[in-house]
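Make the full structure from the sequences, and use the hints.
Single-letter residue listing:
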Amino acid sequence: MDRNRRRQLLALPYVAWSILFTLIPLFVILRYAMVDKEGHFTVSYIFAFLSSVNAKAFLISLEIAVICTVICVLLAYPLVMVVRRLKISRMSFMLFFLIMPMWMNFILRMLALQMILSSNGILNMLLGFLGFPPLQIANTNTAVIIGVVYDYLPFMMLPIFNTISDIGEDVLEAARDLGAGPFTVFRRVILPMSLPGLKSGITIVFVPSMTSFVIADILGGGKIQLIGNIIEQEFTRSSNWNLGSGLSVSLMLFMLISMTFTIKDEILTKRPAEEISEEEKAEPRVVGDGVSRRTVL
Amino acid sequence: MKKRLVDFISRFYFILIMIFLYAPILVMVALSFNDSRSRVVWGGFTLRWYGTLFSNRQIREALLMTVGLALLSSFIALIIGGAAAFGIHAMRRKGYVVMMGITNIPLLNADIVTGISLMLWFIRFIPLGFNSVLIAHVTFNIPYIILALLPKIEQMNRSIYEASRDLGASAARGFFTMILPQLAGGIISGFFMAVTMSMDDFMITYFTKGAGVNTLSTMIYGEIRKGIKPEMYALSTVIFAVVFVILLIVNFSPANKKAGNKREGMI
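Chains as they are written, first to last, in the numbering used here: chain A, 3 to 299; chain B, -15 to 251.
No wet-lab data here; the hints were simulated from the structure.
Heads up, some of the hints might be wrong.
What the simulated footprint calls covered on chain A by chain B, stretch by stretch (three residues with Cβ under 8 angstroms from a Cβ of chain B suffice, anywhere in the stretch; the number is not a length) [said to hold, decoys possible]:
| hint | region |
| --- | --- |
| 1 | 61 to 73 |
| 2 | 130 to 138 |
| 3 | 161 to 170 |
| 4 | 231 to 241 |
| 5 | 246 to 252 |
Straight-line Cα separation of at most 25 angstroms, SDA-like style, residue types lysine to any residue; simulated pairs [unchecked claim]:
| hint | chain 1 | residue 1 | chain 2 | residue 2 |
| --- | --- | --- | --- | --- |
| 6 | B | Lys213 | A | Gly224 |
| 7 | B | Lys(-14) | A | Leu77 |
| 8 | A | Lys225 | B | Ser22 |
| 9 | B | Lys213 | A | Gly123 |
| 10 | B | Lys210 | B | Leu48 |
| 11 | B | Lys210 | B | Arg32 |
| 12 | A | Lys58 | A | Gln235 |
| 13 | B | Lys213 | B | Gln42 |
| 14 | B | Lys210 | B | Val197 |
| 15 | B | Lys(-14) | A | Gly123 |
| 16 | A | Lys39 | B | Gln42 |
On a predicted model such as this, the values are computed, not experimentally measured, just so you know.
Just so you know, even glycine gets a beta-carbon here, dropped at the ideal spot from N, CA and C.
So this is what it looks like as structure tokens:
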């Protein structure tokens, strides 16, 4: 056991790093959020998201985040099933396919989407060519939603794909032999088994999609204010850092809520190393929580 | 008959998603060949922007900064995160849960909050500049390394390492010949993920960079209002193409093909 203890020391540099650059910064922003410009204690900035302008931005952000998360889930499941069906199930291919777009610069991709969606853009040109009336998507919530879905779809697909590709064909076969139709197989076998992936997909997409101020700027044409836009402006233009910090802290509360989900999972799946017998060690087994599976490549 | 219909729909859906994900990229590639400074006018085909690309000092510096930052931060993250993955693996339940909770913070937190909180902390002791951006990138890269490596460490066969030690190999030799090869897949994918995230990051860089430091992302963001330099499209196309070819070779080389499932059914 002594050796086990020595091995734990390997994590020390990371412990130091994460205290310095993950935990302390969170306390710093909390401190900024709890004082006013003169340095007096106040909670008004933390509750600033309730004031009318901010509340409006918060609600729109929430609405967009919910819609985007749902769309991502609805797009991801069929795709993952399709990929399974067409037997393109090699992880490396899926990864390749989903990660590759990130190598074209994020802002350029958003500008390209803007060109596609704008009122005399490529999409409307195609629609006109086919004889359909043009769509007015540019500078609306819809455009922002499309942008956010575009940006976060890979982060929903990868964890779901990860869990579903783990399900053996024999399991599905067994379900079918017992008389389950395709929908029953999906509802009773695939869906329950993919829940960890779904959960981590949701946690990874939901909170960040409330804050994508760049997407809102470019695709919303400056008309749509997400909570991210308000925070950014407090830091760059109005320079009320305390208010910006207060709004950030309220965002962090959402993150904490979603984190409690994943940590609960972790306790269920992880056992201390000593408890694991040798035979088990030889067997590859599923590790960690849903989020970790996202990057288990 | 029914099976063929479902197959057809499946393929159709796959291609639709593919179009959704890749249409903006095609637009950017097309713009890089556009002989006009405007985004909305097609002025004919040209290779001009590829020619002037590297003579532009600003772009060259931003490219160097972006790539250097991505590689350096991923490398530091690999060292710290790699060691941490071994350490976390050896931990008991409580330590493990706490460490994984902390590891998840940068992933689950909104980028804007990560960026701002780091910035507020940095301004107390270091000037915002290359170092602050580097620290920020290492911070969000470490979790990708840990999460890619941990499962590989769990699956790894430790007895062959112990056998090598029994046969007289030093700890270092045992590690490099027995442990490291088993983890190669996790190391490569974690590193690749970290480099990708670092190259594509805008928000965290935006808040932690000082004046004078520009990555491609922040440079492009600054140009949105003035109009993007067409060289940017050319540069992004070059980066995309280079990575695409590298990954294609790595993923679909004949040596890999035998090991993989059949993918003939794809398109």
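Now for the hints, and whether the structure bears them out:
1. Coverage of the region 61 to 73 of chain A by chain B is violated in this model, with 0 residues showing a Cβ closer than 8 angstroms to a Cβ of that chain against a need of three.
2. Judged by the Cβ-Cβ criterion of 8 angstroms, the region 130 to 138 of chain A is not covered by chain B as claimed, because only 0 of its residues qualify and three are needed.
3. Evaluation of the coverage hint for the region 161 to 170 of chain A: breached, as 0 residues show C-beta separations to chain B shorter than 8 angstroms, against a requirement of three.
4. Proximity of the region 231 to 241 of chain A to chain B, defined as three or more residues with a beta carbon under 8 angstroms from a beta carbon of that chain, is established by the 3 residues found.
5. With 3 residues carrying a beta carbon less than 8 angstroms from a beta carbon of chain B, the region 246 to 252 of chain A meets the three-residue requirement, and the given coverage holds.
6. With a C-alpha separation of about 22 angstroms, the suggested pair Lys213 of chain B and Gly224 of chain A falls inside the 25 angstroms cut-off, and the hint holds.
7. With a CA separation close to 23 angstroms, the supplied pair Lys(-14) of chain B and Leu77 of chain A stays within the 25 angstroms bound.
8. A C-alpha spacing of about 23 angstroms is found between Lys225 of chain A and Ser22 of chain B, which places the hinted pair at or below 25 angstroms, so the restraint holds.
9. Our distance criterion of 25 angstroms between C-alpha atoms is met by Lys213 of chain B and Gly123 of chain A, whose separation comes to about 20 angstroms.
10. A C-alpha spacing of about 23 angstroms is found between Lys210 of chain B and Leu48 of chain B, which places the hinted pair at or below 25 angstroms, so the restraint holds.
11. Note on Lys210 of chain B and Arg32 of chain B: the hinted pairing holds, with a Cα-Cα distance of about 20 angstroms set against a maximum of 25 angstroms.
12. This hinted pair checks out: Lys58 of chain A and Gln235 of chain A have alpha carbons roughly 16 angstroms apart, not beyond 25 angstroms.
13. With a C-alpha separation of about 11 angstroms, the suggested pair Lys213 of chain B and Gln42 of chain B falls inside the 25 angstroms cut-off, and the hint holds.
14. Distance restraint check for Lys210 of chain B and Val197 of chain B: the Cα-Cα separation of roughly 19 angstroms lies within the 25 angstroms cut-off, and the hinted pair is therefore satisfied.
15. A C-alpha spacing of about 38 angstroms is found between Lys(-14) of chain B and Gly123 of chain A, which places the hinted pair above 25 angstroms, so the restraint is violated.
16. For the hint pairing Lys39 of chain A with Gln42 of chain B, the CA-to-CA distance comes to about 38 angstroms; that exceeds 25 angstroms, so the pair is violated.
When held up to the earlier numbered hints, the structure conflicts with 1, 2, 3, 15 and 16 and fits the remainder.
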